[in-house]
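*Asks:* Please take these sequences and the hints and turn them into a complete structure.
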Amino acid sequence: MTCITSRHENYAPAIATRHLALVNDRFLVIIDHVTGLSKTDTVQIHYHLNRTELIHSGMRSIISLDDGPAIELAVGDDPADLVIEDGKISTINDVWHDSKLVCFHITPVENGECWFATLAVPYPQSPGKQTSSVRQLSSDGRLVLECQADNHAFRLTLDGNQLIRENL
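Mapping the sequence shown onto the UniProt record's numbering, position 99 (from 1) lands on 99, and the numbers just tick up by one.
Take every hint as true, because none was put in to throw you off.
Pair by pair, the computed Cβ-Cβ distance ranges are:
id	residue 1	residue 2	range
1	168	38	31 to 39 angstroms
2	110	20	26 to 34 angstroms
3	129	36	37 to 45 angstroms
4	20	42	18 to 26 angstroms
5	111	82	18 to 26 angstroms
6	28	59	16 to 24 angstroms
7	68	162	32 to 40 angstroms
8	162	92	35 to 43 angstroms
9	68	26	12 to 20 angstroms
10	36	128	38 to 46 angstroms
11	26	5	14 to 22 angstroms
12	78	162	22 to 30 angstroms
13	22	146	15 to 23 angstroms
14	52	20	20 to 28 angstroms
As a list, the in silico DSSO-like pairs of lysine-lysine whose alpha-carbon atoms are at most 30 angstroms apart:
id	residue 1	residue 2
15	129	88
16	129	100
17	88	100
Just so you know, these hints were derived from the structure itself, not from any lab.
Virtual Cβ for every residue (Gly too), placed ideally from N, Cα, C.
*Replies:* Structure below.
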């Protein structure tokens with residue numbers, strides 16, 4: 001498993017930390033953790049996908065339906081709001097084409113933090129159908145994810161900046 005972590009402090013007092021983990025050289029796990037929030041704050045997490053047709057399956061999953069390579073996003077918690085918008089993306093300098101922008105709106109919990117985990121599955125075994133899931137549990141600054149995708153099941157535990165993987 002390959003992991004990287006970045007931290008964004010330009011929204012002080014809020015601090016946004018993102019952890020990326022490539023699991024089995026196949027699945028990308030994205031963990032966002034924001035601290036220092038007030039009860040009235042809202043966090044927006046955006047994914048700009050090179051797809052023209054996406055649906056929200058209603059089961060915490062976003063699925064591509066267009067002719068391009070399939071992708072599925074499974075999220076670990078229900079966002080307060082989810083919006084899929086039209087967008088443009090450039091894969092070659094100065095050449096733009098249609099795409100979709102997925103925006104999750106999340107509200108913080110009592111202690112002024114929020115966690116949001118996403119499992120990105122390229123080329124899922126059953127394109128156009130929900131095949132992946134993430135279960136997200138957090139307490140005391142620690143996050144546990146139970147993930148399933150393409151006949152793989154694994155648990156990730158994030159404690160501080162240490163990410164531990166176990167097969168289930």
